[in-house]
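Participant: If you want the building blocks of each chain, they are given just below.
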Amino acid sequence: MTYFYPPLRKKQVILLALLLMGTGAAAQKKVFNRADSSKPAAGDATDRLKKLPVSSLDTAGYIRNTDMMLRNRGAVSSPDLDQARKLPYMGINAVLSGRATGVDVRIPSAEPGKRNALFIRGASGLLLKNGDVFAAQPLYVIDGMPLQYDHAFAYDIQRFDFNRIGTEIDPLAYIDVNDIRSIEVLKDAAATAKYGPSASAGVIQISTRGPRTGELRVEVNGYAGMSLKPSMKVVNGRWERDFRLPFYDRYATAEQYRSFPAYLADSTNAQYYGNADWDEAYYRNGWMTGLHAGVSGGNRLASFRFGVGQATQQGQDNTLARRYNVNFGINITPAKRLDWSTYISASMLNRKRNQSLRDRMGDQDYILNLDRPPSPNKSLLEAYYGYLDDGIDNNRNTNVRVLNNLSYQFAPWLKFNSRFSIDYGQNFRDLFMPSTVNDGNNFASNFDGLQNRMTLDNSLEFSRYLGKRHHLTVTAGQYNQWDRWSYMYGKGYRGKSDYIKIYQPSSPGNPDNGSHNLRLTANFKDRIRAALASFYGNIEYDYAGKYNVMLYLRQDGSSNVTEENRWKLFPTAAVSWNVSNEPFLQDSKALSTLRLRGSAGRMGKVFSLDYYKDGPIYNVEIGWEGTPNLATYNAFPVLNAAYELGYVAPGIGWAYTDQINGGIDFGFANDRIKAAVDVYARTDRDLLLKTPVAQEYGYSGVWQNGMDIRNSGVELTLEASIIQNKTFAWSSAINASMNQNKLLALPGGQTAVVLGNRRLEIGFPTDRFWLLQNEGMYASNADVPAGMTYQGIAMKGGDPIWIDRNGDNVIDDNDRIMEGSHNPKVQGGWANTLKYRDFELNFLLSYAFGRKLINENLAARFDFANREGADDIGAVKEVFYWAEPEGDMDRIPQYNPWSAVRPYQVNQTLFLEDGSYVRLRSLTLTYNFRGAWLAKRGLQTLRVYGTGNNLLTWTRYRGGDPEAFSYLGYDQGGYNWAQPKSFTLGFNLQF
Amino acid sequence: MRKIWIGGLSLLLAAGWSSCKDMLDIESTRAVTRENMWATKNDAWAGSFACYGLLRAALCNENAYWAHGELRAGQFTVTQRGDLQAVRDNRLTANYATMDTWRDWRKFYATIAQCNIAIAKLPEVPALDERYSKTEMELDLAQVRYIRAFTYFYMVRIWGDVPLITEPGSGDFTTVARTDQNEVLNFAFNEVNSAIYKLPWQFDGTNPEQPGNYRGQGIGHWRGILATKGAGFTLQAHIRAWQKDYQGALDAIQIVRGNGTKTGYARVSVNDLTSNGGTFRGRRNENIFQLDMNFDHAEISTTGQLENWTLRYPDVSKKEADIFVSKDSILNIFHLASDTRIGTFFTDMGAMQPMFYKIKMLNNAVKNPTLRFFNSAISVFRYEELLLLQAECMLRTGDFNGALSLLNDQRANRNLTPVLNTVSADELMEEIFQERRRELIGEGWLWYDLVTFGKVPDYTGLSQTDVDNGAIYWPISRAALGLNPKLVQTHYWK
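First to last, the protein sequences are chains A and B.
Numbers given in this note's numbering equal positions in the first sequence, counted from 1, plus 907.
Numbers given in this note's numbering equal positions in the second sequence, counted from 1, plus 625.
No lab work stands behind these hints: they were computed from the structure.
One or more of the hints may lead you astray.
[As the list claims (entries may be wrong)] Derived BS3-like pairs: lysine-lysine, alpha-carbon spacing no greater than 25 angstroms straight-line: (1) B:K944 x A:K1784; (2) A:K1703 x A:K1649; (3) B:K1111 x A:K1408; (4) A:K1597 x A:K1649; (5) B:K666 x B:K746; (6) A:K1784 x B:K1111; (7) A:K1136 x A:K1888; (8) B:K992 x B:K944; (9) A:K1403 x B:K943; (10) B:K1119 x A:K1703; (11) B:K1111 x A:K1597; (12) B:K666 x B:K759; (13) A:K1243 x A:K1136; (14) A:K1403 x B:K746; (15) A:K1243 x A:K1259.
[To be verified] Label-pair ranges, simulated between beta-carbon atoms: (16) B:S954 x A:A1177: 30 to 40 angstroms; (17) A:N1276 x B:D1034: 42 to 52 angstroms; (18) A:S1370 x B:E660: 46 to 56 angstroms; (19) A:F1431 x B:S900: 52 to 62 angstroms.
Glycine is no exception: its CB is placed at the ideal position from the N, C-alpha and C atoms.
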């Protein structure tokens, strides 16, 4: 069956659209009737208006603060938004993928509206678990206002880290791309230093289409489209049995034969040997729609913009994301020399999540019976979805942002600016799983997370020409930031009825009142506050537009740093030489632009947690594997030295980032060809790391400063307007980013440390897999070299040959090699725009080379002996288990799967594959309407377009989509949804 | 007008500048710093009970208590799990995450470290908080000493020689080599000795060491759960028995036996042993020392209990249990049909795999259908076990008749015919061993009994040479070895 879901709540959306167009048209009419809307009534104001200069930004629309203290210098790249706006992207990160240099976008699962990640110039810090991704995210800044990112701390109460509890909604999907004027990726210290310690991992600077001066203008943008369901080689029990039997024939003992899974043993069982058509219910062609409208207008004294939008995306497995957003901005000049801007934005995002068993068990912290996997049969999957309909899974994020900016001009050369912002977000999830799908016990939980950030920035800027050619700008300012994240999480197991979808715990003495037994409920509450205070000064000197020197000094104090080390000075310096302004090049048309840039700077890095500042701490940690959250012994609360969290060394100080960057910008043939090269080295220093220590003191490790990691690389962009004549034009832009990292130091002078399944060694990259090296299989016991063991277990025929690198006849961690990384060596994109008369064709190819992935899904398939019926979340089989695993199965030797050496363990070179790819990310065909009839109907712009996304992929990776893998580089099969192929039709209209 | 603006703006600026002095002093609301700990009665209570909690965590972690004490002995059959099979086959270097956990001693040393801190810090608290009396402090301190001693005793049984650390760490994490196990055991013995004099026989308010209600709760809350004199002497007896000082063990046991009115210890019937309110719920007179779990305190868990391995359909939605005792083994172990334990310790005897049903603490609130939250306490020392230890020690010190009568008392309670006094001493020893095996099945004793009775080669694939080379111990984990160069792996596991 094909799902052609109409966009839900279609009527409301159409009504809203009509309303907007209607009001816009009505307003327009009113304005047209009045001859000139830019003429205000009061005479005094008219006078003032005359004196006010109107800049190009004023007419384009902006929040009047982006020009002050926020000028861009240094290494910046900005994607072509005009194209990206046509594409059905809900989040900002997807816009940047392949379009901006130095950016690595990670979308482990294309579930609509789900959080994803972006790294600028490589991840800043280590990525060892999913929670580490949070702190490595860049700072997102909207109109000078630093957004608050979600916090990873809720992972603390979780046994499984697949998803953070809560909604896991992408916080960057709040923003409608139609409300954005420009996005800039700030990379080097010269560009990012002004945002302080939150910006050490880079900045994504977003400027909205703010209030604009001019006649009232209405814009309406809309699209509708469909994502196509992927094709699968679905199988039933017979395939799996045929896959396993050769292993049984070759190796199984009688005991192992006996435990051949019952669901595969009976070939008459229609549940597992019947039709394998689950994919028809699991995957669907998903609708996607978006509608946005904006109204703007006004004059230099008062202007506004109002935007409203809606977007919906359907994904496979009944998933859905729907966003509503409204924003309103005004720029006014209430008094002479005073500019006041206010911007208010509110959005709400709802998400329907995937129905995978693994994620559900993770949510419940409870492992259901795993004896029998779901059936590959569609009717049974549909029945299961039917039961789930009795449950609740509401995921809603709301976000309100308020920005207020005042600037006052004392004199043409002296300005004062004060910026105040509030970013407030709620993260709300209501979950109820009925007993019918939950081993007979229902489950209810509720997560209510709140976060807010308040910032205040005051600055004074002196800017004036001293003589004709010397221009000096001196800025001094102060910045405060207050952050707070908190959540309440409650859960209740085994409610009395499936009709009661809340939980009201019983009283302690009487388990019969209330909906849940008190003892089967749990409540958690957590809160983190952090503050940052900074003073900064900037001196910038420019000589005749040729030489520019900048020195930025910033003193930061963080509440998360030990008191004695709390304040630290962070300097940044930048120089640039505009060679093309020199007399000898001034008139050159061949070399129209030549600019050399250089910057070096040190920026602080904030700690995301608040307990590193007072030495060793006490915590409640009397839980154990699988039961992390016990808090009492015989009903009495306990408090122990934080053995699990680790020993916090006293005197922890700032971690910081040193970055140097050199760049050249070229322009040839009157800038018809532009190129930029940036070379950088970013060194994160004194990073906090928990390293294991002698276990005899009980601690899992020691937290201390002292890890240094360097990311270095080269970035290239080349843009050319290749053909440009009246009817035909072709322009092309290609970008490439190369990044590599290296560990420079570890705390306490250590040279190597093993953390989880990674090894870190000074002088080597931090992102390498740590793998046993395969070299075939011991065919028989006789082939095993005498005394060869795997960690003391004698190896036998049917075991893998792992290379004994140190020759001690023992295969263990010392024989692992650090090889391959999920971080590509080179990545980027190639965009082309072809114009013929009113048609425009645009396509973007994105690519990554030198990426290696581990096909964990394939490993799991071969490791069936250890995963069959095991009471372990790793043994979960989802409905998508019933598809042939993607990967080169013939390449995998037939080891003895029951061997105690775990022949099919994941971390071996056997499962390491090249994940390089080239992908046709987007293809857009646009028709721009032109002609007098437009104006007659009061239309300024009308264009229609069609897009196709992810249509083609070239890759050597055999494990499916080369972009669908976990943050740590493991391809987990059906859990990592590939970005779907999709087609949309849309229009842009302005009147 | 202009002045107003300037004035307003400079006020705004001033507000921003002055506020940042205080704004950075934010105390964590998530963790307690060193300075803020060990200052009040509540700190002392929480800090001392953390020792119990950490010990429970170490023993429950991946069911370590049973992996160490029960599984190695081989009387349970493993269905599918390779890691459990590896333990049963004594392949203790096998590569499983759980195996790493069982080899690893960090959680035990966390218990030790918490005890070391508490022992150093508790004496300072009464001066800081007058609500915390010196008597109460002494009582808490003695319990902490007991836990530390018990933990060392447990560790010696698992790893043999272990580093003996008795002071709180100073943060420099100095590495320490393994200490001879006799030294460790003697330290533990002496610690118990000093603790015993501060511990009551029971926490019922009748002993001078523990006047009134302990922490506001009566004996009903504490019976069998906290360290008492009885638990102390029992631990001493086991330490001495492990050192093969059977007279020393007997001396300790006799003090317990001689204070029956004070301890209140009593034998348990088979029904009470296995019933839902029975031994594994605990707080009963047969329990000398239990590590508590309790549904009414929400101290329940899906992991860390033997039930997680032994229960299956229809009690738990699982087709087969991870481990079971095969029918042959049951008939072999409980060879007398009159034994009342056969019917209560096992169920579904007609099936291919009978279910081990001695421990099945499923509260009514989590039954039908089962929600897998178990709450059986770990019965560390039980009165029957002590009596059988006494019988063993009596026999080893030459008191044949005393041993025989103790054994026959126990057998009578389980509806077995008495052993006749015509048996030889060796035969009687075998009968005592077999009775321990029957009575304590599933309670984590058999492996240690195999060691103390010298039966490891008879019951496992290990030879006497292996035993002499240290095969009875677990290998030290790779992590511990890697982090402490002074550690030397046990000879057998090299």
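Participant: Indicate, hint by hint, whether the structure satisfies it.
Facilitator: Here's how the hints hold up against the structure:
A threshold of 25 angstroms between alpha carbons decides the hint, and for K944 (chain B) with K1784 (chain A) the separation of about 16 angstroms falls inside it, so the pair holds. For the hint linking K1703 (chain A) to K1649 (chain A), the alpha-carbon distance of about 38 angstroms lies beyond 25 angstroms, and the restraint is violated. The suggested pairing of K1111 (chain B) with K1408 (chain A) is violated, with an alpha-carbon distance near 57 angstroms, which exceeds 25 angstroms. Taking the CA atoms of K1597 (chain A) and K1649 (chain A), the gap is about 18 angstroms. The hint holds against a cut of 25 angstroms.
Restraint check for K666 (chain B) and K746 (chain B): the C-alpha separation of about 12 angstroms stays at or below 25 angstroms, so the hint holds. Pair hint K1784 (chain A) plus K1111 (chain B) does not hold up; C-alpha atoms about 45 angstroms apart against a cutoff of 25 angstroms. Annotation: proposed proximity of K1136 (chain A) to K1888 (chain A) holds, straight-line Cα distance about 8 angstroms (limit 25 angstroms). Between K992 (chain B) and K944 (chain B), the direct Cα distance comes to roughly 17 angstroms. Compliance with the 25 angstroms bound is thereby established for this hinted pair.
For the suggested pair K1403 (chain A) and K943 (chain B), the alpha carbons sit about 23 angstroms apart, so the restraint of at most 25 angstroms is met. In summary, the hint linking K1119 (chain B) to K1703 (chain A) is supported, as the alpha carbons are separated by about 20 angstroms, within the 25 angstroms threshold. For the hint pairing K1111 (chain B) with K1597 (chain A), the CA-to-CA distance comes to about 22 angstroms; that is within 25 angstroms, so the pair holds. Pair hint K666 (chain B) plus K759 (chain B) holds up; C-alpha atoms about 11 angstroms apart against a cutoff of 25 angstroms.
Between K1243 (chain A) and K1136 (chain A), the direct Cα distance comes to roughly 60 angstroms. Violation of the 25 angstroms bound is thereby established for this hinted pair. Pair hint K1403 (chain A) plus K746 (chain B) does not hold up; C-alpha atoms about 47 angstroms apart against a cutoff of 25 angstroms. This hinted pair does not check out: K1243 (chain A) and K1259 (chain A) have alpha carbons roughly 51 angstroms apart, beyond 25 angstroms. With their beta carbons about 39 angstroms apart, S954 (chain B) and A1177 (chain A) fall inside the hinted range of 30 to 40 angstroms.
Between N1276 (chain A) and D1034 (chain B) the CB atoms are about 44 angstroms apart, so this pair conforms to the stated range of 42 to 52 angstroms. In this structure the hint that S1370 (chain A) and E660 (chain B) lie 46 to 56 angstroms apart at CB holds, the actual value being about 49 angstroms. Restraint check, F1431 (chain A) to S900 (chain B): a C-beta distance of roughly 34 angstroms breaks the suggested window 52 to 62 angstroms.
Checked against the numbered hints given earlier, the structure breaks hints 2, 3, 6, 13, 14, 15, 19 and satisfies all the rest.
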